[in-house]
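Novice: Sequence:
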Amino acid sequence: MCGRTSLFATPETLAARFGVDVTDEYEPRYNVAPETPIAAIRDDAPDALEHRHWGFVPTWADDADEWNGLINARTESVDEKPAFREAYDRQRCLVVADGFYEWQERTDGTQPFRVERADGEPFAMAGVWSRWEGPDRTVESAAILTTEANDLMEPLHHRMPVIFDAEDERDWLRDEPPAKDDLLEPHSGDGFEKYPISTAVNDPSNDVPEIVEPVDAPESDPQSGLDEFV
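The sequence shown begins at 40 in the numbering used here and counts up one residue at a time.
Rather than coming from a laboratory, the hints here were simulated on the basis of the structure. Each hint should be verified, as a subset may be incorrect.
What follows is a list of derived Cβ distance ranges for each label pair [said to hold, decoys possible]:
{"#": "1", "residue 1": "D101", "residue 2": "A54", "range": "15 to 25 Å"}
{"#": "2", "residue 1": "P50", "residue 2": "E206", "range": "22 to 32 Å"}
{"#": "3", "residue 1": "D158", "residue 2": "D210", "range": "37 to 47 Å"}
{"#": "4", "residue 1": "T62", "residue 2": "D207", "range": "21 to 31 Å"}
Here the structure is a predicted model, which means the values were calculated and not measured. Here a beta-carbon is modelled for each residue, glycine too, at the ideal position from N, C-alpha and C.
Model the full assembly from the supplied sequences, consistent with the hints where possible.
Specialist: As structure tokens, then:
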């Protein structure tokens with residue numbers, strides 16, 4: 040799954056990397072949690088970086104408050120699930136980040152890891168978006184697509200977000216949804232790295248630069264998977 044991200048690149052970096060306008064509402068975030076704003080580029084507004092509620096609300100929902108927790112959509116079923124299939128057909132987006140976090144299950148608890156590009160540059164993940172309109176408010180939401188883990192991620196979790204190489208990003212925003220086999224396969228992992236970080240990231244209110252700094256993780260037994268990481 041993908042349940043925590045970060046984006047603290049400068050507006051100038053984001054504008055140059057993705058060819059978008061970055062509004063004044065953009066703020067660097069080191070610990071982006073579900074049910075908070077997440078940065079996205081919509082298929083029908085490809086020149087703008089906007090912020091959407093991270094937690095998908097289908098357009099046909101009776102009550103937006105009853106739809107909490109839909110932060111991810113599985114690639115294997117996104118075109119079939121009632122909540123997502125309409126968005127997969129015609130409401131796709133790029134979710135922009137410069138890192139995400141995953142927790143490794145261990146015999147002595149969990150160890151958080153940060154996953155990022157080795158060069159520190161931002162990247163895009165596959166997403167779907169929705170605009171729910173109620174009698175007194177509108178909810179602009181999004182979810183991140185996930186797929187099977189690659190070799191880099193497998194020691195941490197069996198799922199990972201769909202990450203695009205730069206040359207494939209705009210294909211996801213085309214009018215017609217691309218074949219899933221073409222774009223939604225696990226990323227090769229080339230150019231990415233992971234490292235252990237402080238458990239301070241567990242608390243979403245710790246939205247500070249210090250949480251992305253690496254720490255020395257204690258050794259674990261082979262069942263924990265850390266040996267695979269090393």
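Novice: Now look at each hint and say whether the structure bears it out.
Specialist: How the hints compare with the structure:
At about 39 Å, the CB distance of D101 to A54 disagrees with the hint of 15 to 25 Å. In this structure the supplied range 22 to 32 Å holds for P50 paired with E206, their Cβ-Cβ distance being about 23 Å. For the pair D158 and D210, the beta carbons lie near 23 Å from each other, so the given range of 37 to 47 Å is not met. The hinted range of 21 to 31 Å is satisfied by T62 and D207, whose Cβ atoms lie roughly 26 Å apart.
Violated hints for the displayed structure, listed by number in ascending order: 1 and 3.
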